[in-house]
Amino acid sequence: MINTSRVHRRLIANRIAIGLSFAAAAIGLGVLALILFTLIAKGAAGLTATTFKEVTPPPGQAGGLLNALYGSLVLTVLGVLVGAPIGVLAGTYLAEYGRGTRLASVIRFVNDIILSAPSIVVGLFIYQVMVVPMHHFSGWAGVAALVLIVVPIVVRTTEDMLLLVPGALRESAAALGAAQHTIIIHIAYRAARAGMITGGLLAAARISGETAPLLFTALNNQFWSTDLNGPIASLPMVIFQFALSPYAEWQQLAWTGALIITAAVLTLSVVARLFGATGRTS
Amino acid sequence: MDVPYGPGRGVLRFDMPDALMERPRRQDGVIAHAFAAGAPVAGDRGFADLLLEGLSHGAAMLVLLALSGIIIALAPGAWPALSTFGLGFFGTGIWNPVTEHFGALASIYGTLVTSLIAMLIAVPVAIGVAAFLTELCPPRLRRTIGAAIELLAGVPSIVFGFWGLFTLAPFLQAHVEPPIIDAFDGIPLLQDLFAGPPYGIGVLTASLVLAIMILPIMAAILRDVFETTPIILKEAAYGVGATTWEVLRRIILPHTRAGVIGAGILGLGRALGETMAVTFVIGNSHRISESLLAPGTTISAAIANEFSEATGPLYTSSLVALGLLLFVITFVVLAIARLLLLRMNREQHR
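Those protein sequence lines, which keep their order, are chains A and B.
Heads up, the first sequence is in the numbering used here, so the first residue is 1 and it goes up one at a time.
Heads up, the second sequence is in the numbering used here, so the first residue is 283 and it goes up one at a time.
Hints in this document: simulated from the structure, not taken from any laboratory.
C-beta atoms are modelled at their ideal positions from N, C-alpha and C, and glycine is treated no differently.
Each hint should be verified, as a subset may be incorrect.
Said to hold, decoys possible - Over 10 Å on every C-beta distance to chain A, these chain B residues come out as not near it, computed from the model:
1. H339
2. T374
3. P379
4. T381
5. I390
6. V407
7. I440
8. D464
As the list claims (entries may be wrong) - Heads up, incomplete: computed chain B residues facing chain A, CB under 8 Å, no partners named:
9. A341
10. P362
11. V437
12. L447
13. P498
14. V522
15. T525
16. L530
17. F613
Take the sequences, apply the hints, and build the full model.
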């Protein structure tokens, strides 16, 4: 008798747990789907050719997001172009030349801290070291802030990908008389390539949506500007400014901008995953 | 623990703090060690080899300098505020730009409370989602849903904040907050926690948006973590008649304890430092209110909202001091997690 009631209790507990798990999955996925749905519904309403042809308008007028799109593209591309090589080289040092040294473990530690540091702190830092001495906000300061976000990510992925390369591969090359740089460039990099590219793309996806580091570095620009020595527009900053404005046209542009940025980030992530997948099968 | 990392195992966990998860280890032979010790192979080392080593060494030093520079550069910026207000800066909630009186307590309080509530909501849901994906979901859907969650983890936080402001806040204001206020009216404690008027934006809304934002990354990591449980353990448990719940509670969770805590810490770190998702919906008001429905502020929201408008060096300096404090808080949280997990690993290996 005691036994059956115990089994009964266990089964009920199991039912409840499974029910809660289903509910969690349904609610979690449901809310996220709802966000994407709202974004598509509201964002697509304002998505026209004008969005890509005209710059951000003054209040009460129609316009597009051209300057913001351009600014975001330039900031992101420059951030990755500057940050990725530094990160790859530093990651190479950690995994190859400096392996096991104290310096490497210190760098790894510091890198880890910055990796999880709030991005707004990075923005404050660049403000202190670049904007204050230069006396003005600038696109270059924005690029510097984004570089500081790219580098730790790339350092981390590069090191981990290099560590995954089997030691036997390196030894085979060494046995043939290859120098260490040959082994790193032609063996280790080649074997770790897919993972390293994935890391770079994920870093690009990450910075293309970052707002906090740009708040007091690149600032924003209402007009068309390609000058990186002055404030430059970017999609996240335009969304931030327009969303908090009382004008319907600006809010609509913010929705459209949010849709574009989400689509771009998701596309980058999908491409990054595809790269990772090809690396896996080969 | 198996390595839940790298290609072939979900997304790259590049933002997983070190030591929270085991990282790949290279199985080296003798020659690789000889290289690491700087042994020349086939005669002298060529110019190219020295160049690559020099470049990579230089880049590594650059990383070290730039990154440790963050702390060094923020300290002088924060100094005027800290020397003016002393330790009282962290103990007072007054934030008055007009009289130039600044205290961090209200924003510290907001940061901690919003993160705490977000964790209370997101952790159970993330565990539920991860359990669903590893134990309950039909295998055919598993990969699709898992991939979707991983992708959502990359959606910029500004999108969540924006959605929170325009969709969630009006909804809460119209349909959720009034009934809550009415229902809890007259009940001690609860009537203070949920006191009107229903603004829509406030501490509770910010917490909800934060919870939604950290949910995908935590669910994705927990899914990977749960999958590291050896199948043979689970099968053995099912074999002696354990229910799904018992397998989760007695096998999976104890086995993956370190990874679960790691995922939680990562989520907490994100919630503490998150700027854009919160700034839109918290209301930016420097006061400590008993009610969760009242507007408040967080450290990052205060910086984001006020920094470019800050007049006077003391105002700016106070905001930089807030940034430094945020950096220290996230650092301490991570450091505690590291110690915790180190100890845990040591116990496991004993």
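Exercise. Taking the minimum C-beta separation from I440/B to chain A, is that value above 10 Å?
Worked result: I440/B not clear of chain A: closest Cβ-Cβ about 5 Å, inside 10 Å.
Problem set entry | Status of T374/B, Cβ more than 10 Å from any chain A Cβ | 22 Å, holds
Exercise. Was the hint right that P498/B lines chain A, CB cutoff 8 Å?
Worked result: For P498/B, the interface hint holds, since the closest Cβ of chain A sits about 7 Å away, which is under 8 Å.
Exercise. If you take the shortest Cβ to Cβ gap from L530/B to chain A, is it below 8 Å?
Worked result: 7 Å, holds
Problem set entry | Non-interface claim for P379/B, where every Cβ of chain A lies beyond 10 Å | Holds, since 17 Å exceeds 10 Å.
Exercise. Taking C-beta pairs only, is I390/B more than 10 Å away from all of chain A?
Worked result: At about 14 Å from chain A, I390/B clears the 10 Å cut-off, so the statement holds.
Problem set entry | Satisfaction of the F613/B interface hint, Cβ to chain A closer than 8 Å | 6 Å, holds
Problem set entry | Agreement of hint L447/B with chain A interface, Cβ distance less than 8 Å | 6 Å, holds
Problem set entry | D464/B and chain A, when compared Cβ to Cβ, separated by more than 10 Å | Label holds. Min Cβ-Cβ 24 Å, cutoff 10 Å.
Problem set entry | 10 Å cut-off, C-beta based - T381/B kept clear of every residue in chain A | 24 Å, holds
Problem set entry | Consistency of the no-contact label for H339/B, given chain A and a CB cut of 10 Å | At roughly 6 Å from the nearest Cβ of chain A, H339/B sits no farther out than 10 Å, so the non-interface label is violated.
Exercise. Hint check: is the beta carbon of V522/B less than 8 Å from a beta carbon of chain A?
Worked result: 13 Å, violated
The structure fails hints 1, 6, 7, 10, 14 (numbered hints given earlier, in ascending order).
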